[in-house]
Amino acid sequence: MGEKIYDVAIVGAGIVGAACAFEFAREGFSVAVIEERAIGGGATAECMGHIVVMDDSEAQFALTHYSQKLWREIADELPKDNELDQCGTLWIAADDEEMQEVFRKEKFYKERGVEVQVLDSKAVSSAEPNLRDDIVGGLRVLNDSVVYPPCSARYFIEKSNATIFQNRAVEITDEGIKLNNGKKVKSKFVVNAGGCWSPEITKDLNVQRRKGHLVITDRYPNFAHHQIIELGYLKSTHSFEKDSVAFNIQPRKTGQMLVGSSRQYGDTDKKVDNNILKRMLERAILYMPSLKSLNAIRVWTGFRPATPDKLPVIGKHPSHENLYLAVGHEGLGITTSLGTARLLVDQILNRKSEIPIEPYLPR
Amino acid sequence: MNESVTLTVNDKQVSVEKGTVVAVAVINAGFDSFRKSVTGEARAPICGMGICFECRVKIDGVSHSRSCQIFCREGMTIETE
Amino acid sequence: MKQSNFKTDILIVGAGPAGMAAVCAATQSGAKCLVVDDNPNIGGQIWRKENAKPDTKQAKEWFEKIRKAKFDLLEGTRIVSSLNEKVSLAETLEGFCEIEFSKLILATGAHERFLPFDGWTLPNVMGAGGLQALVKNGLPIEGKRVAVAGTGALLLAVAVYLKKHGAKVLLIAEQTTKRKLFKFGLNLFKQPKKISQAFALKKDLLNIAFKTNCYPISANGRDKLSSVTFQQGKRKFSIECDYLACGFHLLPNTELAVLLGCKLKNGSVAVDEWQKTSVQDIFCAGEATGVGGVDLSLIEGQIAGYVVTGEQTKAQGLFGERAKQKRFAELLNSTFELRQELKGLARTDTIVCRCEDVTFGRLSHFDSWREAKLQTRCGMGACQGRICGGAVDFLFGWTNESVRPPIMPVKIEGLLRDDG
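Protein chains in written order, with our numbering: chain W, 11 to 373; chain D, 824 to 904; chain A, 49 to 468.
Hints listed in this document are in silico derivations from the structure and should not be mistaken for laboratory results.
Model, not experiment: these values are computed from the prediction.
Hints are not guaranteed to be accurate.
What the hints assert, rightly or not - Under the rule of at most 30 Å between Cα atoms (straight-line distance), these lysine-lysine pairs were calculated in the BS3-like manner:
id: 1; chain 1: A; residue 1: Lys-134; chain 2: W; residue 2: Lys-252
id: 2; chain 1: A; residue 1: Lys-313; chain 2: W; residue 2: Lys-288
id: 3; chain 1: D; residue 1: Lys-881; chain 2: W; residue 2: Lys-302
id: 4; chain 1: W; residue 1: Lys-281; chain 2: A; residue 2: Lys-391
id: 5; chain 1: W; residue 1: Lys-280; chain 2: A; residue 2: Lys-313
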């Protein structure tokens with residue numbers, strides 16, 4: 011009597027693992043998912059749920075743009091609890107230097123077919139009255155969206171009809187995955203989508219935890235209309251500095267405001283760092299003074315799985331025939347989850363991908 | 824003789840005894856519903872001690888004020904949702 | 049917003065009977081004490097608004113004692129987070145204050161458990177203590193028809209109180225069985241003081257229909273409550289009324305204790321015989337250590353107040369009485385145990401989490417609160433799980449694993465504090 015051999019076994023049911031399950035299942039693969047804790051947990055549960063194009067590099071743009079398109083394609087089938095909302099992103103410039111950045115981004119995006127609008131100071135005030143009124147200008151990216159990721163992860167898993175093993179994966183072998191209860195899950199391929207935990211079973215992975223803080227408020231409908239991010243945010247994601255904060259606010263469909271953001275290396279303690287929290291909120295209040303008197307209901311931390319070159323690792327592991335990696339998505343896991351999954355499916359099926367895969371291949 | 828306090832609830836004037844909480848002023852002014860739930864249900868206080876958050880109204884422009892824990896003051900403006 | 053700082057020897061959180069007793073005891077040796085309470089006045093729930101007009105001899109006695117005691121008081125003030133071991137952050141009506149203390153006595157009391165049933169979210173369906181609190185705060189109840197339901201001695205106290213203030217108390221529906229109550233009555237004979245309290249109550253309760261084995265199955269009405277349907281055995285009946293005062297037990301308020309790292313036992317703050325918690329210099333007294341009524345709270349409060357000021361002998365003098373009160377409390381708890389049928393009151397579309405409108409049906413899909421929270425946001429709203437917590441514990445066996453600051457919603461301004 012043979013044990014079932016799955017086509018693919020995926021470690022991790024965060025958004026990336028779940029998206030992989032979804033895409034593999036769509037291609038007719040039988041899927042096993044190994045997830046010890048909740049579906050949609052980890053960074054997926056802790057993050058902001060922003061589906062955004064980014065232009066830090068051509069490779070980052072290609073993946074976010076492609077992946078955003080895939081989200082749009084399934085937008086109508088997502089259940090209501092996913093709360094997908096195409097509210098757009100508003101990048102704001104606080105000074106002339108940042109305004110130059112706005113024009114640079116405008117050019118970059120327009121050349122690549124991304125719908126954007128440059129807003130002057132008056133237009134920014136009109137679009138977002140709660141921003142302080144001396145904002146120099148901004149760039150509105152119309153097709154960016156926000157979503158509630160844990161529910162999307164659950165939807166992806168449900169659609170995939172995957173068999174879920176509520177265990178911890180302890181070892182990846184040639185035959186599949188060994189679980190912490192001694193049992194084995196046999197599969198032709200294995201995908202490590204373990205997020206911050208991915209180095210536990212693929213030892214050579216250089217994935218670090220980059221801590222972030224978020225605050226969620228009570229409901230204040232119409233306090234903000236877009237995901238609003240200061241252009242300094244990019245300096246924050248860029249830097250290898252130990253601690254940095256940048257203003258980033260998201261209006262949820264519920265009317266609650268999600269306020270961020272912070273980045274820290276080297277602190278793996280879940281505990282809220284009051285000093286960073288203070289810095290983060292002071293920065294946010296600098297941009298939106300009336301934030302001060304909104305009620306905060308919860309404060310929490312999360313960890314982004316980060317790689318040294320700011321790009322995720324997507325592709326076959328160089329030394330294991332059956333192992334594929336989908337890790338290191340830092341702050342873009344939600345956005346790039348579907349694109350990541352497609353790239354992996356393409357590779358296994360020996361199909362050409364819609365975007366170049368080299369920048370993300372494991373080395 | 825108990826001092827009275829006059830305030831407005833949804834533009835309706837109401838007088839209450841000093842030491843009355845805002846929640847009671849809202850009820851006395853004839854409003855059964857304090858706020859709407861996320862699916863639009865009418866809601867009113869249940870705990871009377873400041874932990875259910877169903878008594879939230881706008882007091883003098885400040886949203887999400889727990890009316891069962893705040894005494895009425897002369898001239899207060901209260902708005903329910 | 050105004051910002052102030054306090055430095056004190058003993059910080060007492062909660063100005064109900066336990067907190068009042070604690071500060072009266074602690075100030076006897078001249079210790080510098082600061083009492084904070086979220087409510088606008090002292091007295092907690094049971095003695096709400098009784099400072100000027102005490103309802104019982106006991107309340108009168110303690111309000112007199114506290115008037116004579118010298119201490120600082122911050123009303124309308126709630127602790128929202130812990131800045132470090134000895135400094136807490138509180139939000140007040142005007143702003144914020146940082147409170148530095150050497151020793152802390154938690155007297156955070158308890159809250160009612162609400163069980164969801166069809167229509168329970170209608171305006172004018174309230175907790176038993178909830179309706180009483182509003183009446184104490186000025187709600188006119190004269191001539192209003194009230195049904196009191198749920199379980200516990202609280203129902204009787206509430207019914208009597210409402211009746212005294214002119215309400216037409218139509219019914220007390222107690223979910224426990226007649227047999228259990230009878231057994232309780234027999235056991236009362238071991239506690240003479242409780243008997244006289246019970247008989248005093250009984251006189252006041254004449255002419256109020258009291259049904260055992262009886263619980264609400266639906267609250268009916270369009271924009272507000274108009275009638276309640278009850279089940280008693282196989283029989284269903286409905287009563288038209290203006291208010292339903294319904295509560296199923298009191299549950300300890302443990303958020304602050306857990307935030308500070310105190311261990312819990314059976315959902316209450318664990319303390320030793322000195323009312324000391326598992327954290328150095330943090331004590332706990334009253335309902336938060338286990339619901340046991342006002343007499344027990346007063347004793348525990350005094351013990352804690354004596355212990356923190358080094359008066360061990362005075363504290364020990366109260367150990368015997370505390371043991372007696374605890375036995376009574378255990379008796380109460382077993383008498384009023386919740387029956388299994390109450391688990392069936394929530395229908396698929398009955399809202400369990402009022403903050404996020406999450407129904408029982410949706411919650412039933414999940415195996416843990418963590419999963420349910422993540423997928424439905426049950427427990428993640430403004431009340432931070434205080435209302436639905438008691439329900440999901442009873443319905444699904446889910447409990448809160450941890451508590452994060454702020455333990456009360458707080459203005460963002462209040463989070464602009466670094467660790468000293």
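### Task
Please write out, lowest number first, the hints stated earlier that are contradicted by the structure.
As far as the earlier hints go, 2 and 4 are violated by this structure, in ascending order.
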